[in-house]
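Same order as they appear, the protein sequences are chains P, W and H. So the first sequence is numbered by my numbering: it starts at 1 and just counts up by one. So the second sequence is numbered by my numbering: it starts at 1 and just counts up by one. So the third sequence is numbered by my numbering: it starts at 1 and just counts up by one.
The hints are all genuine.
Note that the list lumps identical chains together, so a pair holds whenever it fits in one copy or between two copies.
Here are the computed lysine-lysine pairs in the DSS-like style, where the Cα-Cα straight-line distance is at most 27 Å:
hint, residue 1, residue 2
1, Lys323, Lys233
2, Lys233, Lys418
3, Lys410, Lys323
4, Lys344, Lys233
5, Lys439, Lys294
6, Lys344, Lys333
7, Lys113, Lys390
8, Lys294, Lys390
9, Lys439, Lys113
10, Lys418, Lys323
11, Lys323, Lys344
12, Lys113, Lys278
13, Lys390, Lys114
Hints in this document: simulated from the structure, not taken from any laboratory.
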Amino acid sequence: MSGEVKTDGLPLSPLGTAAGPEPELLCIFGTGDLGRSLGQRLLQTGYRVVYGSRRPHSCGPVPQGAQVRSHEAASQSARLVFICVHREHYDFLQTLAPQLKGKVLVDLSNNLKKDIYPEANAVYLQRLVPGAAVVKGLNTLSAWTLQNGPLAGKQVFLCGDSAEAKQAVSDVATRLSLSVVDRGSLSAARELEDFPLRLFPEWRLPLRVALGLTAFFFFYLLIRDVIYAYVEKGNDISFRIMVSLANKVFPIVSLIMLSLCYLPGVLASFFQLYRGTKYRCFPDWLDRWMLCRKQLGLVALGFAFLHAIYTFIIPIRYAVRHKLISLVVDEMKNNKSTPFDFDKTEAWATDSFYVMGILGFFLYVLLGLSSLPSVGSALSWREFTFIQSKLGHLTLVICTVHGYIYGWNKFLRPSTYKWWTPPGYMLCLVVPSIVLVLKLLLLLPCVDRTVTRIRQGWERTEPGEERDEIKATNL
Amino acid sequence: MSGEVKTDGLPLSPLGTAAGPEPELLCIFGTGDLGRSLGQRLLQTGYRVVYGSRRPHSCGPVPQGAQVRSHEAASQSARLVFICVHREHYDFLQTLAPQLKGKVLVDLSNNLKKDIYPEANAVYLQRLVPGAAVVKGLNTLSAWTLQNGPLAGKQVFLCGDSAEAKQAVSDVATRLSLSVVDRGSLSAARELEDFPLRLFPEWRLPLRVALGLTAFFFFYLLIRDVIYAYVEKGNDISFRIMVSLANKVFPIVSLIMLSLCYLPGVLASFFQLYRGTKYRCFPDWLDRWMLCRKQLGLVALGFAFLHAIYTFIIPIRYAVRHKLISLVVDEMKNNKSTPFDFDKTEAWATDSFYVMGILGFFLYVLLGLSSLPSVGSALSWREFTFIQSKLGHLTLVICTVHGYIYGWNKFLRPSTYKWWTPPGYMLCLVVPSIVLVLKLLLLLPCVDRTVTRIRQGWERTEPGEERDEIKATNL
Amino acid sequence: MSGEVKTDGLPLSPLGTAAGPEPELLCIFGTGDLGRSLGQRLLQTGYRVVYGSRRPHSCGPVPQGAQVRSHEAASQSARLVFICVHREHYDFLQTLAPQLKGKVLVDLSNNLKKDIYPEANAVYLQRLVPGAAVVKGLNTLSAWTLQNGPLAGKQVFLCGDSAEAKQAVSDVATRLSLSVVDRGSLSAARELEDFPLRLFPEWRLPLRVALGLTAFFFFYLLIRDVIYAYVEKGNDISFRIMVSLANKVFPIVSLIMLSLCYLPGVLASFFQLYRGTKYRCFPDWLDRWMLCRKQLGLVALGFAFLHAIYTFIIPIRYAVRHKLISLVVDEMKNNKSTPFDFDKTEAWATDSFYVMGILGFFLYVLLGLSSLPSVGSALSWREFTFIQSKLGHLTLVICTVHGYIYGWNKFLRPSTYKWWTPPGYMLCLVVPSIVLVLKLLLLLPCVDRTVTRIRQGWERTEPGEERDEIKATNL
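Bound-form chain P, shown alone (with noise of 0.2 Å):
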């Protein structure tokens, strides 16, 4: 192959990192889809590959240009030897203990679920082979993702005791062009192994609150709006629901979202100013709160979408239009000279109206698009900044007047409030309201200096001139 390459002018083993003419045997266990699809890469990647299987004759189609022997055989010659079969089936390892001894055994298993042994496979591994070195990682790749995804910059996580084995397993990942984070001693197995059953954790929150709020502004209003014209007029106006009333559910549920997705940052700043420090953590709740703020935006956002299309398609509702041509034939009956007189307030309000919904929905959207991943990390971070706090406060600001527009002329008319409750909509501006007084507290000049001082690492309680001095020095 390399038989061509006569180095006669400068010798060209200098060159490479690990250069030898031949290039590393590795060796894989297990001759299912991950195990397959892991050698075909490697192969690609230059590497040489070596099976082990029970059967060496039997274990069906192995990717071209690898080898399948006996597992004592396949293990003797590689340095790395990758474990591509379940758990259950990991009690022959104990048998081969001796060949393994001195080798890097990556576990690459993962379980169907949670809790279901008393120890990480990996651990488990490393008990039946105490004379290698096991590493704990690559499984959040799948049989799918190797054979036919671009694995470049994907992150994968390693685990293990040995920092010389977990080193060797890097540099395989690396050739992958995968990226390798070291999350440290073989304790992490477990932590490893649950990352594939991962199901949105991060959205489990967010989308609770976006349900529970629908759930309870969709029954408030079922009372308010359907139940209380049966109730009070005799009149069935059920047919409302589907449209008219998700219509009001949904705008309010997405602006609540907002205010909660900007409450926590201003909660924190007043934790910092009462407390004088930023060297003090926040309640649990608050930091928790405070990571999932990107999913409560988008789940906002998700709902404003909701209510711009259910918006869009009222004209061309039925009931809208019954409802528009029985008030001209109601005008013409009742013979007026002129149909509805042109209130020009009206006009200016409903423009009004609908003018701060649409840029808060297009700063919505413009937030919305810097939370993809590829667009958020071409940002510096006082561009991320800018868009996250200044964009997305005065996204919350219009999103608000839009609501304060649209009960202007309600607000103090007894019709508003059915059976004594509010309406929905004024129900909805108050944690808005609450949050932009708040921040506008924080804007006052003697309240940022304070804060920014802080942040800066100045504390108002003195724990000694010696480390004030500290905090202001270092970056």
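Position chains W and H relative to chain P; hints supplied.
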């Protein structure tokens, strides 16, 4: 330059990989756009660069810091020579063969069309300079990308007969932060040279299907709606082609494309059930179909997007407003007491129809967003499966219900079947209904259990117990 | 830790790059947010970390696993020292100069504003500690990113006078999965320090152009529509400002911005045609214009998006519904037999107008999606060119036709030219029409052939045949 570093304490040398005091010298043949851009990047990354030119003194500008020499002199001092010259002018390299002996020649050339030469450029180059190790690669990088783009994580391909030579080129590419994929021996060069000539190959089949369906349904509805009205009633409603007709064709094509996106997965399951194993390949057509599911779905989303916008502008259309006004005026002339009765069933049905459409579109958009490369790569395998399979089938269900509600009270009306042909929406419900029925069958507990076992490696037909056991053992 | 690995079979040592039995020790000066986050990442990646502090016993919390010592002791045992201290406090480093001799000092500092110091922080540091090798870099990473973000593939910049020192820092950064770009000698430090202070520099010109155009057309249309109606007819239609006027301004600005996005490419071709070569630089203004084409296009898309939503909400506006009702009632009062004639030409024209708008918007969105970093980087050069050039010009054609249809029957009406001024849509058609005419000229076979030859390196003016030949030879 590095004279200031005096290694008093600990020596610096064992730190880096190649850390000689002087960076490596690379040679580039050709001072065109590509040659200059490549040289500039290599200089930025810390290499030294020398250009080889036939006329070193009149070759135009080269990047600051690079030297220009004759071909012979330039290649002498470097180990790697990047050939940035059109294949048509390779003959001069034959005369340089003695000087290039033992060098690594990187062929970056591309052709303007496929198959214009009997052999790949790199193979031709290897024939001209048999003593050198030719590596084909990096040819997917354009001069523009090299100059302006971020290279980080960009995938490039290499192939060549010498593993050592490939490793040397791979090291350079890795330092340019490229992500390298080894495609094997030089016989893959043709494939690599065809890469930059690709123009959406994976989109062709879906776009052809979309075009075919659009054309068919356009003419089908043209005949049923416009020509029928003209022939049978003498009514010229050809103005409806632009919006009304298009807004019937788009949702039909969208729904069919979406179901075509989920049909191959269902078919694959039935193939596996029928054969009782997952280890036999699918027919070729099914494989190709499955590989373009993402594109099928995205084209469907495009049509759904057009359908949504076409729907939003309905009420501002001249014809619609004219019809509305005529309706009122006619009602008044006929002097009925109520213009037209409010039909609650109609209100419920149309509102449900719209709501299904909106929710379907919302889920459609979510699916589309999750197929963005940066979003998709942030998902775990389980999350990706959840979105594409669970949410995907839910979208199909909702959109199919959207279609059924549209025609709920028209199925039994004779006037629906103009010229004894079924309306378009009925035709478009056929494929989705079949997909959903088949999917339901697969979800039956007994069937589901068998499919799951097959997917885990179990085989019904007995290939010897051994193999069966091995399959179930491996990941 | 690594005691369990006994290398009986084959030795593990030649596997890794740096694979000593103990991971490398890195020193960090400064225990602020950045220092601590950096240390944590380095520990996660497998390094050992020691902090240097003036008061090692009262410096606050450091990441688990790191040590804290005095500056002297900490720097002694490490080769690399990361300086995470504000520039204002660098003076203490001068006193440490003897201990830091021969070390690599990585300056991560940033300033709060541009140009507040006469020399870059890193240059100042080098002056304070002349015996050390100062490397400026990694300063674009924030403490937050280091703690939470995925670093994979993130681009960081380095500069410094010692190639060896840069290589050492680059190795550390690569192991953090960062992608390193070498920006040359320490004189580039100022540029690197200005990076984190950037706030959308490439968006400024497009946003200013958009703002200027918006302001101009807003006042132009305000005068022509609202003020004209008030002065000439005493009609107060100021309520139209919010929606009607804005919905005229947005599409006008959007179309002009889109054509401005394609104008520089056309101009560049004419420059090349006129000069007969591609080897002379474009004027500076054209270069800057070409570099912000993407931003021009995205701002245009933003305005198109607003235009679309403004259009969708037209029918639910109070003023529009009022006008519709008034129209009907007036018709009835005047007691015509048919309320108003159905004008088929009008129906065709308005529907075509809407369809062009919808298709244009659809293509606009496609263009926008393909400019997302993750989508764009997955495209081949030919695919990217196809989308941005072919689809882009098609979008411009369709949107221009959209504009022409709007005014198709108003060009010759005197009432169109209020106060002898042309309406806004006429003005906005000027630039797109010019761009399209110029583009058409370039597509003429004879012109196209010359441009293609010039782009391939041919030159009309004779710079000696030699050079001509070289140009045509190289890629």
